[in-house]
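Visitor: Sequence:
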Amino acid sequence: MSENVDREYVIRGAQSFGMALREFRLRRGVTQAELAKTSGLHRSYLSELERGSTTEAVRYLVLACRALDLEIVVRPREGTRKDGA
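Residues 1 to 85 in UniProt numbering are what the sequence shown lists, from first letter to last.
Read the hints as simulated data drawn from the structure, not as lab findings. For glycine and all other residues, C-beta sits at the position ideal for the given N, C-alpha and C. It is possible that some hints are incorrect.
Claimed, not checked - Each pair of labels, with its calculated beta carbon distance range:
#1 79 with 38: 28 to 38 Å
#2 67 with 33: 32 to 42 Å
#3 33 with 66: 32 to 42 Å
#4 37 with 68: 29 to 39 Å
#5 40 with 60: 18 to 28 Å
#6 29 with 8: 29 to 39 Å
#7 70 with 15: 25 to 35 Å
#8 27 with 61: 34 to 44 Å
#9 44 with 68: 27 to 37 Å
Put together the whole structure using the sequences plus the hints.
Guide: Spelled out as structure tokens, the structure:
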């Protein structure tokens, strides 16, 4: 069975954002430490994001988008391969 490389996540809160972040990081074979280095974020903060326990920023984004009848969708950029190349 082939992996669904076109998977999208509609972000409704910190939990769904964390799930998306973790799935796409793992799909690319990137560790939290590697992502921390390339993103400039601390590894422990990335861990909190993936667990959905850092909620304020995501919560405010979701609230602002809802007020404008918008949704946040996380998906690979067009042309991005499963391995991130």
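Visitor: Are residue 79 and residue 38 spaced within 28 to 38 Å by their CB atoms?
Guide: violated (19 Å)
Visitor: Given the hint of 27 to 37 Å, check if residue 44 and residue 68 actually sit that far apart at their C-beta atoms.
Guide: At 32 Å between Cβs, range holds.
Visitor: For residue 70 and residue 15, compare the CB-CB distance with the range 25 to 35 Å and indicate the outcome.
Guide: violated (19 Å)
Visitor: May I ask you to test the hint 29 to 39 Å on the CB atoms belonging to residue 29 and residue 8?
Guide: violated (21 Å)
Visitor: Could you tell me whether the CB distance from residue 27 to residue 61 stays inside 34 to 44 Å?
Guide: violated (23 Å)
Visitor: Do residue 33 and residue 66 keep their Cβ atoms within the hinted range of 32 to 42 Å?
Guide: About 34 Å separates the Cβ atoms of residue 33 and residue 66, which means 32 to 42 Å holds.
Visitor: Evaluate the given range 32 to 42 Å for the C-beta pair formed by residue 67 and residue 33.
Guide: holds (37 Å)
Visitor: Can you let me know if the beta-carbon spacing of residue 40 and residue 60 is within 18 to 28 Å?
Guide: holds (21 Å)
Visitor: When you take the CB atoms of residue 37 and residue 68, is the distance between them in 29 to 39 Å?
Guide: holds (35 Å)
Comparing the model with each numbered hint stated earlier shows that hints 1, 6, 7, 8 do not hold.
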